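Protein sequences appear in the order of chains C, U, B, F and G. For the first sequence, this note's numbering gives the first residue as -11, with consecutive numbering after it. For the second sequence, this note's numbering gives the first residue as 40, with consecutive numbering after it. For the third sequence, this note's numbering gives the first residue as 6, with consecutive numbering after it. For the fourth sequence, this note's numbering gives the first residue as 1100, with consecutive numbering after it. For the fifth sequence, this note's numbering gives the first residue as 26, with consecutive numbering after it.
Quick caveat, the hints were computed from the structure, so don't treat them as lab data. Owing to the predicted nature of the structure, the values given are computational and were not obtained by experimental measurement. Just so it is clear, CB atoms sit at the ideal spot from N, CA and C, and this is done for glycine as well. Check before you lean on any hint, since a few could be wrong.
Said to hold, decoys possible - What follows is a set of in silico ranges between Cβ atoms, one per label pair, in the way DEER data are often shown:
# : chain 1 : residue 1 : chain 2 : residue 2 : range
1 : C       : Ile89     : G       : Pro148    : 28 to 36 angstroms
2 : B       : Phe281    : G       : Gln209    : 51 to 59 angstroms
3 : C       : Val77     : F       : Thr1429   : 32 to 40 angstroms
4 : B       : Lys165    : G       : Gln209    : 43 to 51 angstroms
5 : F       : Lys1403   : C       : Ile4      : 47 to 55 angstroms
6 : F       : Asp1225   : C       : Thr72     : 42 to 50 angstroms
Claimed, not checked - Per the computed footprint, the stretches of chain F lying under chain C, defined by three or more beta-carbons under 8 angstroms from a beta-carbon of chain C, are:
# : region
7 : 1179 to 1185
8 : 1217 to 1226
Each chain, letter by letter, is given below.
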Amino acid sequence: MNLRRVETSTWIYLAISFLLIFIPFIVTGRSMQFIFIQIFIFAIFAMSYDILLGFTGIISFGHVMFFGIGAYSTAVTLGRMDATIGSFVLGAIIALVIAAIVSLIVGALTLRLKSHFYAMLTLALAGLFLVLAEKWRSVTGGNDGFTFSLPEFFRDSETMYWFSLLSMVLIFFGLRRFTRSPFGRVLMAIRENENRTESLGFQVTYYKVLASVVAGVVASFAGVLYALSLRFVNTAVFATDLTIDVLLMTIIGGVGTLIGPIVGAGLVEFAHHWLSGLADVHWIFERWIILYGIVYVLVVIFFPLGIVGTIQSKFMNRPVRALRTNRKSDGKKENRKGA
Amino acid sequence: MTAILETKDLSIAFGGHVAVNGVTVEIPEKKFTSIIGPNGAGKTTFFNLLSGQLSPTNGSIYFKGEDITKVSTTKRARMGIGRSFQITNVFPNLTVLENVRLAVQSKNKVRYNIFSHFKHYPGFEKRSLELLDIVFLKEKANAIAASLAHGEKRKLEIAMLLALETEILLLDEPTAGMSVEEVPAIMDVIRNIKDEGNRTIVLIEHKMDMIMGLSDEVLVLYHGELIAKGTPAEIVENETVQAAYLGGGV
Amino acid sequence: MELFISLVINGLATGMLIFLLAAGLTLIFGLMSVLNFAHGGLFIWGAYTGVWVFQMTNSFTLGIVAAILIGLLLGLVTERLVIRPVYGNHMQQILITLGFMLVLQELIKVAFGPDQKAVFPPDFLAGSFMVGDIVLIKYRLFIIAVGILVFVIASLILKKSRIGLIVRAGVMDKEMVQALGINIKLVFMLVFMTGAGLAALSGILHAVYSGVIYAEMGLEFSILAFIVVVIGGMGSFPGSLFAAILVGLAQAFMAYYVPALSLAVNMLLMTIVLIFRPQGLFQVKG
Amino acid sequence: GDDGEAASGDQDVVKVGVLISGTGALETYGLQTQRGFELGIEYGTDGTNEVAGKKIEYIFEDTETDPTVARQKALKLLEEDEVDFLVGSSSSGDTLAVTPLAEEYETIMVVEPAAADSITGAEYNDYVFRTARNSSQDAKAAAVAVAGEGVKIATLAPDYSFGHDGAKAFIEAAEELGAELVLEEYADQAATDFTANIQKIIEAKPDYLFVVWAGANTPWNQIADMRLDEQGIKVTTGVADIATLPSMTPLVGMEGFTLYYHDLPDNEVNDWLVEKHMEEHDSPPDLFTAGGMSSALAIIEALKQTDGDTDGAKLIETMEGMSFETPKGTMTFRPEDHQALQEMYSVTLEESDEFDYPVPVLKEVLTPEQTAPPIMNQ
Amino acid sequence: MENLLELKKVEAFVQHYHILHDISFEVPKGEVTVLLGRNGAGKTTTLRTIMGLNRVSEGSISFKGESIVGRTTFDIANSGIGYVPEDQGIFGGLTVGENLRVAMKKEDEKTTERLEWILELFPDLKKFWKKEGGQLSGGQKQMLSIARAYVNENDLLLIDEPSKGLAPIMVDKVTESIQQMKEQTTIVLVEQNFMMASQIGTRFYIIDDGVTVHSGAMDELKEDKQSMKKYLGIS
Ligand SMILES: Nc1ncnc2c1ncn2[C@@H]1O[C@H](COP(=O)(O)OP(=O)(O)OP(=O)(O)O)[C@@H](O)[C@H]1O
Ligand SMILES: Nc1ncnc2c1ncn2[C@@H]1O[C@H](COP(=O)(O)OP(=O)(O)OP(=O)(O)O)[C@@H](O)[C@H]1O
Ligand SMILES: [Mg+2]
Ligand SMILES: [Mg+2]
């Protein structure tokens, strides 16, 4: 990982982003563009998850709560106000602010709770948000949800495409810088060995909370885009399934790589689209989730680093990190916790 | 001679077992103090209390006259108390270089910078490599820490501790499991630090020749209590110490 | 007063049902430190197979036996294919078992069709009787009895045998246990199978209780089981029992007195417990 | 996509895109709609697949019961297939994610079988017509079946929109008929223990308990176990699809309603449907099969009246107030909110010799006027 | 003399790293064979390879005349080999007593006798019988690890750096215990403490970079200043 290589990869990513700009001229159908938009949105969502899972080593089962917060904030604001850019911006700001506050509080709980306990807590919190969305029907329309209209600017599918693409690219480079900053290095250290990080003089608390806030805010922004792309929102944006989806994307793509979640999002969305489209060919494709599940299990066993992670470790001689924790020491850590 | 670290009646009990029992001691500044004592005497626990990994059930700790009994591990590390661990405690999945670089980064107080690239600090890498060189680990700079042999991990520990450039170095059996050939070399590293004369070193060791060769003062812990204190020569002569610790043969 | 008693009994029954569901999970987590999110998959397979045999043969006992057998069998398969590569790594366990859960759930639809299926209790457990003004539903009493039985047996086994020790040691350092001459793989497999058998057993019992089975119930109920295990303290049998009953009672009473919150009661309970007692109510060693 | 007929791009084709839940929790509903729709086209065109000189082509798409997929599939239908009509979908959420597209693309969408009131209420747009009954119609049917002057009623419903909508509408309708509400009870939709709720109901001592229920965990067993009948409380509810009938065994004797059961409606269309369905699928048509057929018949009737013109505005004009024959008798799209008024059936649940589950037996046909729901889109 | 254990041209991998290149040595019954070498030479890897914890790619390992290459670890252990790993391998969550109980293959009188002998040797273990292994001090862990290998009757003991982290007085005790053990059992010892090694060892092998480069009788080595300097850096 020397300076020069970083630069080449940056150029490659920029080039790919540049090429993606022209997709709408080739793929003119809104439905295909819609798939791309979804990929960009879920890539953003998955990258935010990667910050937690891959870089800080925090498993959350409730990451969808921030996504939902983003989606509902936007939808409610646009639904209640005129469909103008102004209300969109307001909605987005509300989304980000709420997400920041919630993630600050939730993140602070990582101090008390370790690994699966934290995971379960976030699951519960996301569940509570789901209940809130179902119950607060005057605002959310209950689980059927509601539709709203978009500002003129976003109505065009191409605009939406470019806007999502731009967001994804900016967020990618932003997060990449974030993870490669001295701060990001410390996050990785925390993932590896929290106690040790502390005794090196880093205040672990702040790092974890800030990572959680960054992840929450980015996820919320993905939710904002999601609501825009769908022009509709219902309680599904708080469903645990979404967390699972985004988890799968991150894992399949490769945790701790940032580019992995993007690849994962693309792959999962396209695989979904094509496999389910094959339902006429053979009934098994109607049950495409089986294939999906099997592929996923295989990936975890044989390519625990995900696609990007495996490529990096095989061909670029990068040190293998991420999920491959030393099994023995992992077990021992458990002991100490029990003590 | 001023004391940089001071404990007053320091005790800690685990359940019913008192591991450190009313230890009152002054660690003189810029001197080399060694702690010896049988296995389970409470040496590591004493270090854990000094560095903040554990908090005492009783008593207090002073650093440069300031009460730090309630100060967190992190803060103490920043104030200048650095330690190495008896059980190797490194970042297993990061490279050796990255392990040290994290310590260097902390030393240079680059902590919350989220905007610049970590490569913008080439000095860190250079410094890390220097340190690795000192502990004979330079060739392994790009190896994953988990793949190191036991002795190599001990060296990495030391490099990380040195990187922090803390005023006090608490070394917990730094040479345990290190090969006969390299013990003297590591001793030299430690001696050099000592000779620079501006650090306080506290060492836990079972290798008496090291203790003898390096220490200005030796503390003896026994069943959690401080039972003797003095120059190496005095301690070796001390009969209680001989019976409880040294035994006959070696 | 009748109301109170009736709520208590129903709460207990629900609690026992949840306990049965959580018991397998507790065993697998408590001993092997494996977070098995495919638990729900084993649960539905137990439910569907058990119900199928029950309806074919008209014998509830055979249904139960079939459920347990399929549980053991699937446990074997799951352990060998899915769990074995990821012992000791919680993160991977969560991920891989979630994926496998999807497979198991979807396979149910292939094997039994996507429709929900109605289930009725066997005649000797059907209906209810009245004691004074209190309605006692037979099947619930049956559940309470089975729950207690399972609890007692499991506790005895764990207390008396060295197996618990071996498994716990195996989780901490697998290589070392093997170096002590223990075939830890076999031991793990057997424990996992037992856990899976328990999951499947609770599947059939639950199916008859709720009167209906459907493929998605696996995930739904495994989340509930996890909640209980967390509240009770991961890996503690008494903890799970206590937590399950707590949840059961809370559900019953909340549904009566504060229905608005009944949707959220499990989640709330877990949140509160996690915040104030992160290790769960019953702390266990190891 | 599932092309019903070979696609050809020429002018004399009318294309219909049908969104169904082909996978996911509602996939059985999706299948019913699909079969009904196919049969509807066959019946409506006398097997020619042609109306007003135009060939009808239809494409089924699976929404997977996911609004995102629903929207994507709808876009595909509208843009790539350039459909002239949309039909669907099995879930209200999916439907709501699509209805704005109908307006945007000025394409008529026939909603079937999604029941949320808001589709023809708060979220109404001119291009949406619904052949499915909405939740309020269900509730009215239930009210008509049991309510009367001085009758005490209680409700039990799952605690989410569907349950609340249903209970509210029922209470309104029942109170209008002179009934008195004594308890409105909501239970967690995922709960398995309803005894606390039932306990409360017993204490409130209503004459009738109206249960709105959908989803798998049913309260029927427990209602029977808690011996409501012995306490003089009669249960009433909607009878749903055949798959759920076995679980209603404990409710035998109950008076309730249904929107469709294959031997209830007495008309030519239904006779044909039952016969044909038996022939092709070896089973009787189910709850939403009739609905799927109705949606096809509505489209055919509209095309007949416009003589094959698929212009949105023209179709709206035509379809508002349009009546058409369906397996459920004559349906009429109410001009105000485009909701089809339709027959509902008041039934008694009885044991059957033929099946090992109870079946609904007709008590009374409720006319479209009797069950007309309030207009909610203003 | 009969060789209890024999390694011939063993090559082994740790993950995909080729660590052992050519390890050959013989362990005659009833003797203490010492493996020496600097850090990272491959001593630990050699012991782990014997225990079946690493993949052998070439060469043979035979124990009691039978090849044990490719056999599972527990099988090898059950054929009569006890192992004290370098990192002690204490089950941190189990108590001292439980740690020993897991190790005990039988609970007969003989075992009880041995246990008593061990507890006499290491009174700390008795004192902390109910304490969790993870909470022991470094030296106590070392004692427990040794004790665990002693409770069973084994034909061969593989002991990796037993003196590490022990107080001088304990080093003496452990030395003494090994002296006693060697009456009944054959021992392979990896040790950095040359004093100790030379006291108990009968025969030595020096490993360097995964290759056995030198061997001989322990007594000779003490005299052989040149080899000492060349391979061990001791002068
Ligand atoms: N976390 C803990 N819980 C309970 N007891 C503990 C804990 N940590 C240490 N002890 C006990 O305190 C005593 C002192 O342990 P400590 O690790 O300080 O010894 P030590 O002097 O460093 O010994 P060694 O030379 O063997 O490393 C031991 O008896 C140990 O069992
Ligand atoms: N998991 C691993 N991955 C890669 N290399 C490894 C791994 N384990 C050990 N090694 C390498 O194998 C070599 C031999 O290691 P081993 O632990 O056998 O040495 P040793 O002779 O026991 O040293 P020490 O005296 O320090 O304990 C070392 O260079 C080490 O870096
Ligand atoms: Mg110590
Ligand atoms: Mg070694």
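Comparing the hints with the structure gives:
no., hint, verdict
1, Ile89(C) x Pro148(G): 28 to 36 angstroms, "58 angstroms, violated"
2, Phe281(B) x Gln209(G): 51 to 59 angstroms, "55 angstroms, holds"
3, Val77(C) x Thr1429(F): 32 to 40 angstroms, "51 angstroms, violated"
4, Lys165(B) x Gln209(G): 43 to 51 angstroms, "33 angstroms, violated"
5, Lys1403(F) x Ile4(C): 47 to 55 angstroms, "53 angstroms, holds"
6, Asp1225(F) x Thr72(C): 42 to 50 angstroms, "24 angstroms, violated"
7, 1179 to 1185, "violated (count 1)"
8, 1217 to 1226, "holds (count 3)"
Hint violations for this structure: numbers 1, 3, 4, 6 and 7, all remaining hints satisfied.
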